[in-house]
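If you're matching them up, the sequences are chains A and B in order. Numbered by this note's numbering, the letters in the first sequence go through residues 1 to 117 in order. Numbered by this note's numbering, the letters in the second sequence go through residues 1001 to 1113 in order.
These are calculated hints, taken from the structure and not from any lab test. These numbers were taken from a predicted model, which means no experiment stands behind them. Even glycine gets a Cβ: it sits at the ideal position worked out from N, Cα and C. Among the clues, some could well be false.
Derived CB-CB ranges, DEER-like [stated by the list, open to error]: (1) A:Lys14 to B:Glu1039: 28 to 34 Å; (2) A:Pro86 to B:Gly1055: 46 to 52 Å; (3) A:Ser89 to B:Thr1010: 23 to 29 Å; (4) A:Gly16 to B:Gly1055: 52 to 58 Å.
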Amino acid sequence: GAVVSQHPSRVICKSGTSVKIECRSLDFQATTMFWYRQFPKQSLMLMATSNEGSKATYEQGVEKDKFLINHASLTLSTLTVTSAHPEDSSFYICSAPNHRSGANVLTFGAGSRLTVL
Amino acid sequence: GENVEQHPSTLSVQEGDSAVIKCTYSDSASNYFPWYKQELGKGPQLIIDIRSNVGEKKDQRIAVTLNKTAKHFSLHITETQPEDSAVYFCAAGTGGGADGLTFGKGTHLIIQP
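Produce the entire structure from the sequences given, and follow the hints as far as they go.
Here is the structure:
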């Protein structure tokens, strides 16, 4: 089946540094990928839609200068949390739609736990 | 936009019993309804989905029902096992696929031995 690889699974950084999270579709191409943020015991909050070869589409309230998204190829999207602060600590998850039975189905990455000290 | 309500937030059942999680949605244009299982520290995994042209779908111990008129859909797990313990999310979307999915707030299912 379709696999989405997300790396790193855990990252700890100091306040003020930047952190990059990668999301790769391993056996299918993804012109679109989705980035979510999840707080403890909460649902998935869509942050942005990553579009291959064009700018990402951000949800209302999400700072695009804070959360930089790059979709450089059909299998790779990256999320960079710039100048991270403790309030950015969260679980970040990516997903990509893949074709199955003639329609798109979302496959999620395993998530990245970011802790900002 | 779409609004998805999910109940209950926590569900505890005895091993072997059945579990039912219910979701309602607001946008009558939604036509794709997946269910995801998320284990602690992992990403969500699709366990079953249903499209608006179908009323029920089964996969071994898991089934999903959809009532388009009432705009609600439910996940049914029979003969629950300890490994069923997880957080389950429902979602609703349009376009027949994954784009623009709105997620419910999740149900923490606890299987008591």
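So, going through the hints one by one against the coordinates:
1. Separated by about 30 Å at the C-beta atoms, A:Lys14 and B:Glu1039 satisfy the suggested range of 28 to 34 Å.
2. Range check, A:Pro86 to B:Gly1055: about 48 Å between beta-carbon atoms, so the 46 to 52 Å window is met.
3. About 24 Å separates the C-beta atoms of A:Ser89 and B:Thr1010, a value consistent with the hinted range of 23 to 29 Å.
4. A beta carbon spacing of about 54 Å between A:Gly16 and B:Gly1055 agrees with the range 52 to 58 Å that was offered as a hint.
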